[in-house]
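If you want the numbering used here, it's the position in the sequence shown, counting the first as 1, plus 539.
Honestly, the hints are just simulated from the structure, not real lab data. Each hint should be verified, as a subset may be incorrect.
Said to hold, decoys possible - Heads up, simulated DSSO-like pairs for lysine-lysine below, C-alpha to C-alpha not over 30 Å straight-line:
{"#": "1", "residue 1": "K559", "residue 2": "K637"}
{"#": "2", "residue 1": "K637", "residue 2": "K674"}
{"#": "3", "residue 1": "K650", "residue 2": "K674"}
{"#": "4", "residue 1": "K612", "residue 2": "K674"}
{"#": "5", "residue 1": "K637", "residue 2": "K610"}
{"#": "6", "residue 1": "K612", "residue 2": "K637"}
Unchecked claim - Between beta-carbon pairs, the in silico distance windows are:
{"#": "7", "residue 1": "E675", "residue 2": "T652", "range": "18 to 28 Å"}
{"#": "8", "residue 1": "E675", "residue 2": "R615", "range": "22 to 32 Å"}
{"#": "9", "residue 1": "S707", "residue 2": "G552", "range": "18 to 28 Å"}
{"#": "10", "residue 1": "L646", "residue 2": "T706", "range": "41 to 51 Å"}
All C-beta atoms in this analysis are idealised placements derived from N, C-alpha and C, irrespective of residue type, glycine included.
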Amino acid sequence: MKNALLLAAPSVGVSDRLGKISLFYHREAQRCANNRAYFAACILTGAALEALLLSMCYVEDRAVRRTPTYKQKRFRSRRNRFFEFNLYQLISIAGELKWIPAKEIPLNGRKITLQELLHAARDTRNTIHPAVWAKEGGPSGTRKSTCEFIFEVFEVTREWLFHHMHTSLRRTMSDLR
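Please model the entire structure based on the sequences and the hints provided.
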């Protein structure tokens, strides 16, 4: 039992650091939004989301290794493979492992899933790359409403991830009895 805890320690440390990074990014994003720097707030919130999903990969590492996304990925290194995932792949893993609900929700007259909302937030985050701007015809201002949308997607995702961890922990505790 002691050896199992020792083996789990490194990934727990990485997960904790990623959680702290996510919290830092989210706080910085709120400061940016409060100062009407909505583009920066959107980018930072996307980074917070990525750190949160990466953290979950370390918490649920065995399950992640069984996903189609993990199995199809060509890794460059043997250590810290989860760091090689991009945000698109992390969102896919979250959907595959049901960390987020697959249920459609009504939004502006159409039905959409949280996974689709995450991809919309990812698309906004990806505007940090000059090539994305160049393909779309150049930069345009990021509105407060876009920033609020991305904040809401982040908050809903965070709540679902916490719900998943709580449920998983409760299930594990009842199995130990």
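Going down the list of hints, with the structure as the test:
Taking the CA atoms of K559 and K637, the gap is about 23 Å. The hint holds against a cut of 30 Å. Distance restraint check for K637 and K674: the Cα-Cα separation of roughly 33 Å exceeds the 30 Å cut-off, and the hinted pair is therefore not satisfied. Restraint check for K650 and K674: satisfied, since their Cα atoms lie roughly 28 Å apart, inside the 30 Å limit. Restraint check: the Cα-Cα separation between K612 and K674 comes to about 27 Å, which is no more than 30 Å; the hinted pair holds.
With a C-alpha separation of about 17 Å, the suggested pairing of K637 with K610 holds against the 30 Å cut-off. Note on K612 and K637: the hinted pairing holds, with a Cα-Cα distance of about 19 Å set against a maximum of 30 Å. About 24 Å separates the C-beta atoms of E675 and T652, a value consistent with the hinted range of 18 to 28 Å. Separation of E675 from R615 is about 30 Å and conforms to the stated range, judged on CB atoms against 22 to 32 Å.
In this structure the supplied range 18 to 28 Å holds for S707 paired with G552, their Cβ-Cβ distance being about 19 Å. Take L646 and T706: their Cβ atoms lie about 25 Å apart, and the range 41 to 51 Å is violated.
Hint compliance for this structure: hints 2 and 10 are broken, all remaining hints hold.
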